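Given the structure of chain A, go ahead and fit chain B onto it with the hints provided.
Each chain, written out:
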Amino acid sequence: MDSLIVQAPILIITIPLLGAFLTPLISRASEKARNIFVVGVLVVVELLVLLLARDIYSNGLRIYTLGASLPDLTIPEGYIVPVRIILEVDGISIFMGVITATVSLAGAVYSLQCMKDETGQDRFYTLLLILVAGMLGLEFTGDLFNMFVFLEILSISGAALAAFRTRFADALEGGFKYIVISAIGALVVLFAVGLLYAQYNLLNIGALAKVMQYGSVDKIALALLIVGFVIKAAGVPLHMWAPDTYAVAPAGTTPMIYVASLVCQYALYRICFSLYGIVLDQVTVGWIVIIIGVLSMFVGVTMAVIQTDIKRLMAYHAISQAGYMFLGVGVGLAVLGDAEALAAYGREAINGGIFHIINNAWYKSLLFLTAEALFLRLGTRDLNKMGGMGRDMKFTSVAFVIGALAISGVPPFNGFTSKWLIYKSVYQFSPILAVIAMLVSIITLASFTKAFESAFTGPRLPEYRDVKEVPKSMLVGMAILVAAIVFFSLFPGLIVDRMISPATDALINQATYVNAIVGSTP
Amino acid sequence: MNQSIPFNVPFLAVAALIGIALYIIIFKRNLIKVVMGIGILASGVNLFLITLGYREGGIIPIYTHAPAGEMVLPVPQALTLTSIVIGVSVMALMLSMIVHTYRHTGTLDSEESRQMKG
Chain A
544 MDSLIVQAPI LIITIPLLGA FLTPLISRAS EKARNIFVVG VLVVVELLVL
594 LLARDIYSNG LRIYTLGASL PDLTIPEGYI VPVRIILEVD GISIFMGVIT
644 ATVSLAGAVY SLQCMKDETG QDRFYTLLLI LVAGMLGLEF TGDLFNMFVF
694 LEILSISGAA LAAFRTRFAD ALEGGFKYIV ISAIGALVVL FAVGLLYAQY
744 NLLNIGALAK VMQYGSVDKI ALALLIVGFV IKAAGVPLHM WAPDTYAVAP
794 AGTTPMIYVA SLVCQYALYR ICFSLYGIVL DQVTVGWIVI IIGVLSMFVG
844 VTMAVIQTDI KRLMAYHAIS QAGYMFLGVG VGLAVLGDAE ALAAYGREAI
894 NGGIFHIINN AWYKSLLFLT AEALFLRLGT RDLNKMGGMG RDMKFTSVAF
944 VIGALAISGV PPFNGFTSKW LIYKSVYQFS PILAVIAMLV SIITLASFTK
994 AFESAFTGPR LPEYRDVKEV PKSMLVGMAI LVAAIVFFSL FPGLIVDRMI
1044 SPATDALINQ ATYVNAIVGS TP
Chain B
2 MNQSIPFNVP FLAVAALIGI ALYIIIFKRN LIKVVMGIGI LASGVNLFLI
52 TLGYREGGII PIYTHAPAGE MVLPVPQALT LTSIVIGVSV MALMLSMIVH
102 TYRHTGTLDS EESRQMKG
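As they're listed, the protein sequences go chains A and B. So for the first sequence, the numbering used here puts the first residue at 544; every next one is plus one. So for the second sequence, the numbering used here puts the first residue at 2; every next one is plus one.
Chain A with its partners taken away, still in its complex shape:
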């Protein structure tokens, strides 16, 4: 058991990667075997992630050095700097790991019957597992160049998945936009990694943080890294790709591509807090993140109100909700150097921001799945052409209501808890920001009320007379996320104490992250 936990970080990345390339082989035998295999791989990953999470939340972070005789031997004998690739899994990494594993599992189960009639399913599941491996790798790695590689892995597989239904011209457009924007973002990141390597001859985040001087080259690198990851996290004004890509991605992959953008947001925080941390000009960078957040909230929700395509509507809400996370964490970042303000409201703001990430992963993913269910049954995403689906698709409409109430921050749903943390702490920082956040929340509720009414209520339309509830695997996929929402709504205190606070500490305490790599040796 112990050795399993020691090896878990690398297993969590390699199992889906290996599984991805075995999938087409197993697919030759039978489709059923392949489906069982894919779900099995994701269940194993989920269990390993939960096991590792339990260990990390009680015993602190885990290091895994690739190729070393001992996993925690970060600096080989005869060297003074880490030269090997190191996986460093702390509170926030495993937190993102739990999100990724759970949403991917739900997405894959959902896809089983949703994709039943598509061609090239073996390739679909291969890409899906590669996307999982890319996300988990980006979360666990402690190495900057590795970060670039995993970023590209998740971009390439994500774009291929978004464009998977090549029979639709708009799917190709969404996929193409995603890959172009990802390629540019990743190259910007690579350039920044090159700059940092030129300065310090190091690639490890912890080791770099130890020697970071924050000179002008480091500032340029920081700016490039922020741009690169904000593009991928779909923060306004770099969000143009998100609605198109989310709208067209097939079956259970929309939530996964959405989670991939959350993972890139995590990478941004990792850079700001763990790589730069104390040397950072916190107020400036904090305000940059806050401004991105406020813009995302506002532009996202106002664009969402005018949409008639249900998935585009949800995509704009996704951008708007990401704004809350940027706002919460940005406020925390801005007061990082001020111990008093940090204790008074900064920590709580980061708590709220991070809590909002996991809450969003549940209900936003659920909403994307319900939209896809409507698309499967009705063949359209246009809200004006829908109506009266509440009678025939009961479970889907209940799931939609739960998701919509949670995203609008209606108590007692989980969206309320994290938004409340954000309002409360941000109000102490700047009241006007809190007011904007509340206003956006109200518009969100209005927009979802409209969407619900168009799709589910009203008389049954004659052209949809034979519409049935979606098949069982799709219901199971949605049920997993509903269960997560209910659990998080019932026990918010427990979650904040056991999961969110350790994750926040992992971001704030840069020294823990750094010392785990370079030790206390000079």
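If you are wondering where the hints come from, they were derived from the structure by calculation, not from laboratory data. Bear in mind the structure is a predicted one, so any value in this text is a computation, not a measurement. Heads up, a few of these hints could be off.
Unchecked claim - Which stretches of chain B does chain A cover? Using the computed rule of at least three CB atoms under 8 Å from a CB of chain A, they are:
id: 1; region: 25 to 35
id: 2; region: 49 to 59
id: 3; region: 63 to 73
id: 4; region: 85 to 95
Glycine residues also receive a C-beta, built at the ideal position from the N, C-alpha and C atoms.
Then chain B, alone, in the frame of chain A:
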């Protein structure tokens, strides 16, 4: 290779490549040209990485018992190699998407083939 490279020619080339690439990506409407722009951007970044690792008069970093003298840095070369491989797969994916887009819309102009707005 004992002659030194005058000024900072490689770095100027990097700047020129990245500048040209960004111009193409932002202002050109032909999808193939956008892909070419990304290719040029990747080349610019790769050239930057290689130039970083270059040491004047250095030898190639492949010896166990190296002859006397400085070696060029091996890590940037490894990074560049990885980045080139990734670049190829990105390029292949983008071009295959363009092929499909052309089949649907019969045009390579990004404004004309556009389906989604707003």
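Going down the list of hints, with the structure as the test:
1. Residues of the region 25 to 35 of chain B lying with their CB closer than 8 Å to a CB of chain A number 3, which satisfies the three-residue condition for coverage.
2. Look at the region 49 to 59 of chain B against chain A: 3 of its residues bring a Cβ nearer than 8 Å to a Cβ of that chain, three or more, so the hint holds.
3. With 0 residues carrying a beta carbon less than 8 Å from a beta carbon of chain A, the region 63 to 73 of chain B misses the three-residue requirement, and the given coverage is violated.
4. As drawn, the region 85 to 95 of chain B meets chain A at 5 residues by the rule of a beta-carbon pair under 8 Å; at three or more, the given contact holds.
In summary, the structure is inconsistent with hint 3 from the numbered list given earlier, while agreeing with all the others.
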